[in-house]
Every structure is written in structure tokens, then in C-alpha cells.
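Q: The task is simple: from the sequences and hints, build the whole structure.
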Amino acid sequence: MKQTAFEQLHSPTWRALEDQLQLLEKGGKPSPEAQQQFAALFRKVCHFHALAQERHYSSFLVDHLDNLVSRAHQQLYRRKHPIRQPLIRFVVSGFPALVRAERRAVMWAAVLFVSPLLLFFIGGQIAPELVYTVLSPGQTADMESMYDPANKVLGQARDSDTNWGMFGFYIYNNISVAFRTFASGLLLGVGSGFFLTYNGALIGAVSAHLTNVGFTTTFFTFVVGHGSFELTAIVLAGAAGLKLGYSLLAPGQMSRLNSLKQASHTAIGLVYGVILMLLIAAFIEAFWSSNNLFAPWQKYSVGGFLWTLVLGYLIFSGRGRGGSA
Amino acid sequence: MIDTRQTLETPEGTDLSLHPAGFWIRSLAYTVDWLLRIVVVIAIGIVFGASGIGQGLTLVVYFLMEWFYPVFFEVWYGGQTIGKKSFRLKVINDDGTPVTFAASLIRNLLRVVDFLPGFYVTGILASLCNRHFKRLGDLAAGTLVVYAHPVAANPPLENVGSRPVPEDFSTDEQRFLLAFAQRSSTMSAARQAELAQVLAPVLGAGDPVLTIKQMANHIVGNRASRGDPTA
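Residue numbers (the numbering used here), protein chains in the order written: chain A, 1 to 325; chain B, 1001 to 1231.
Because the hints were derived from the structure by calculation, they are not lab data. It is possible that part of the hints are untrue.
Said to hold, decoys possible - Partial chain A-side listing against chain B, Cβ under 8 Å, derived:
(1) 43
(2) 46
(3) 56
(4) 136
(5) 165
(6) 166
(7) 167
(8) 180
(9) 182
(10) 184
(11) 257
(12) 260
(13) 268
No residue lacks a Cβ here, since even glycine has one placed at the ideal position from N, Cα and C.
A: This is the structure in C-alpha cells:
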């Protein structure tokens, strides 16, 4: 068929598609009949596009059809982004099931985080100078003044303005740290491993130092509550990063690129959970941990409860629901 | 043709053409976005920074601007942040579909690595090493930055008559001829002659410049006095 005849015969079809596209791209809603016709119209124009290419019709026509096909492709395969329902399902079963499915990465991340933490916590008490391998004297002085019982009067709460300010700071700081821990896993896992180990060592050293100077009550009553969500979240962010690195190191039957793509789409699920956990942690840290109205035993019990809650949730929630993660 | 056009087969059995965008124009778009983000954060900081809660708010806004500004626009505004929109770029999935939330978050979180050791050096190097100009975040997320429907501005062709194109010219080769005719107004006569001379052996006798222009007229359908066939 000659191009002229082809155009005369079929241009009404692609003009109809173009009209619908213009409407859709402006955010308009076509009539129900038009919506029903869209896919059929799109397939026809795809067919014309393939024909026009195959028959060497003028590049002008091919380009025009090409443009229509790409635009229609974008409209047809547009996805809805529902939030509430998937979010509830993710929190109840999807996230803990994913953590369990990725337990190998989670275990490694936990080992990389907890062993330096314990090492510095115990080592720092046996040999106090060990603390200064990760902390500068200035930092230890800051820590001391922050947790000096003399500066904190039991039975006094921080004013709410400061609390809200700190809430913002914790969100900004902690989630950014978690994101960096995750992303740097792309460097064959080295980045995530480094952040996990370094943060573990840092926390261990600080705890050891404050124990050495005897500020245990002020320090541990402060950290026990939000630590449940925060430390677990950092480990999970690290696990997500390690998964990226591992997918590059050991792609198995896939190409490294496909392996990475698949791993990153799984790992991002962990990151969603990490974001939620760190939001909760920031809230607890800003409004509960800083609150000195409660006696230490009350803070330790709530802390213990939160730890049980987090670990119990990750281990047991969503089992037997058939929810695949 | 030496351009960045890539084809992608769709489930409907036709080939989409995509024009991946290189790092330079993407850097420009990024700079626009970066300036916008800075301005918003500074403005919030100035207005609310006096109180504790205001400082908290500023930090939250800073956090959102740093990590979620691109995700928000890419997912809910057709793959285009304001900067990308101003340079007519958009982010899509590898398969030509609109970018999904997970993919957008992955590519934007992994910016951290692309940025290393500074000024996106890693990302630029990575984008120079593959045909789709993907930085590492794009590779992991399975996304692509392309020109948003490059609507070919069609400069009018000189009306010098028409001549059929030899039938063994492929669509791409026809594109060469058309591109030459359309761009000829920006070139001196000497330069036109110089370029057209390259094709003289396959064009047959006659002035190659005139021949190409006539063929271009034929390609777009100016031979008959019909109107624009695809308007």
C-alpha cells in the first residue's frame, strides 16, 4: 500500500488516539466509552507504527506515530499509587515477613554492628583508654556534660518546644544516616559494613565511657526506650545495603545488573520499614527518653517492653497469613 | 544515524524509540532543582527558625528536600522534577512505563554513591560507560532519564520540487536526508555542498544538495499539493 493511501485510510484512528492523549495528559478524564476504546485504539496505532516502519514510510510519519505510541504507552501502563491499604498490610505482615526472608543479611548486619559494640563496651571498661580510639577527648567531654546527673533534675520534663525541635533533628539525622548506610552498600557492601561497624564501635565506646565515669542511670534510662527501634532500624538498613553488595558479588545465574536490580527492589522494602521505625524512634526519643518525670525503674520497664515489642513484632508478626513478602 | 536513539519493544509488538539524556543536561536540571531546594529550606529557616519547633520543622523540610523532593515529583508529576521539566527530561522505567515509587526511591537514595567522591563523579563515569547514560542509581532501580517527547520542530523545506527516494534507503537513512534539508537553512551554501558531496555517489547525477532537498520534499509528502499528512 502506498503511503498516501495508508494515511488517508487510517489517520482518523491515530487522530482519535491523539485527542484522547491530549485530554489524558492534561489530567482530564475521558468518557467511559472512550476509556473502553483506548486500549484497542492503542493496539491499532502500534500496528500502524510497526507497519509504517517496516514499509519504510517517510520518517516524518514514523516519528509522528512513534510519538503517539510512546505517549499512549505511558498512559496505558500508568500505575495507581494507593497508599493506605498496602501500608497497613506492609506493617502487619509484609515487613516482618521480609525481614525474616532476608534473615541471612540481617544476621550479618547484626553481627557487624553488635560485635564492635560489645567489644568497645566491655573493652572500654577493662582498658578505658580504648575509648579514645574512636572518640576524641572533646567528644567524651560533650557526652559527659550531656549525661551528667548534676545537669538533669529528676522529676523535670523538657519543655515541649525543645522536644519538637529535637524531634525534627532526630528525623533529619537518623533517617539520613540510615539512608547512607543502605546506599553505600552498593560499594560491594563495604560502605554498609563500615557504617554498621563504626556506629557499633561508637555506641559501645560512649556507653563504656559513661559507665566508667558513673553516669549509667542518666545515660541508660535515656537510650533504652528509643534504642529498641533505632538500633534495630540501623541494623536493617545495613542489611538492605549488604544485600545490594552481595547481589553484585554473587549474582548466581543472573547477570550482575539483573541481580542488582532484583536485589534493590527487595531491599527497598526493608528501607520502607526502616523509615517507619525511625519515625517512631524519633518520637520516643524526643518525647519519652528526654522526660525525667519518671523513675529509672519505670523507664527501664518501658524500654524492656519496647524491645520485646520490636523483636516480637519482627519475629512473629504476619506468620501464617500466607502473605508473601 | 549517530544519535542517542534507542529502541524498546513493547508488549504490543512495536518499537518505541527513546532518547536517553546525557549527564550534561541532567546536571543542568539537577542544578535548577538544587537551587530551588536550597531556596525553600532557607526561606523556611528564616520564617520559622526562631523557635525550637521551627528549627525542628526546618530540619524536617531539609530532610524531605534532600531525599524526597525528586521522589515526590517523579512519582506524582509524570517523572519530572521542576528542573527536569524545565529541560524537558523525564524519568521512566526501563520498560518505558512511568516510574514506580520503589524505583524512584532506589535511584534517589543511591545518589549518595553516585555523588562520591564529589560532584557526582561516580555517576558521571558510570553514565559514560553504558548506552543509556545510566548512573549507578538508574542501573540498580531499572530507570532511565529520557527526553520528554522531543517534538521535532519542523522547519519548512525549501520548495525545490520533489524527487523519489531510492527504494533501498532505510528509514534512518531517510532521516539523514530530511535532517539535512531541514537544517540547511543554518548552514552556508559551501558547507551544504561539502556535506552533500559525501552522498554524491549514491544519489546519482545532478547537484547533490538540490537532490537531497528534493528527496526530503518527497519524504514529507510535499510532492502533491495535499496538506500536511499528519497534522
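Q: Each hint should be assessed against the structure and marked as holding or not.
A: Here is how each hint holds up against the structure:
A distance limit of 8 Å between C-beta atoms decides the matter here; for residue 43 (chain A) the minimum to chain B is near 6 Å, and the interface restraint holds. About 4 Å separates the beta-carbon of residue 46 (chain A) from the nearest beta-carbon of chain B, less than 8 Å, and the hint is met. Against a cut-off of 8 Å between C-beta atoms, the interface hint on residue 56 (chain A) holds, since the closest Cβ of chain B lies about 6 Å away. The beta carbon of residue 136 (chain A) comes no nearer than 24 Å to any beta carbon in chain B, farther than 8 Å, and the hint placing it at the interface is violated.
For residue 165 (chain A), the shortest C-beta to C-beta distance to chain B is roughly 3 Å, which falls under 8 Å, so the interface hint holds. Against a cut-off of 8 Å between C-beta atoms, the interface hint on residue 166 (chain A) holds, since the closest Cβ of chain B lies about 7 Å away. The criterion of a C-beta within 8 Å of any C-beta in chain B is met by residue 167 (chain A), whose closest approach is roughly 5 Å, and the hint holds. For residue 180 (chain A), the interface hint holds, the least distance from its beta-carbon to any beta-carbon of chain B being 5 Å, beneath 8 Å.
Given the 8 Å rule on beta carbons, the hint for residue 182 (chain A) holds: about 6 Å separates it from the nearest Cβ of chain B. Interface restraint check for residue 184 (chain A): the shortest CB-CB distance to chain B comes to about 6 Å, inside 8 Å, so the restraint holds. Residue-level restraint check for residue 257 (chain A) holds (minimum Cβ-Cβ distance to chain B is 6 Å; threshold 8 Å). Interface restraint check for residue 260 (chain A): the shortest CB-CB distance to chain B comes to about 5 Å, inside 8 Å, so the restraint holds.
This hint holds: residue 268 (chain A) has a C-beta 5 Å from the nearest C-beta of chain B, less than the 8 Å allowed.
The structure fails hint 4 only (numbered hints given earlier).
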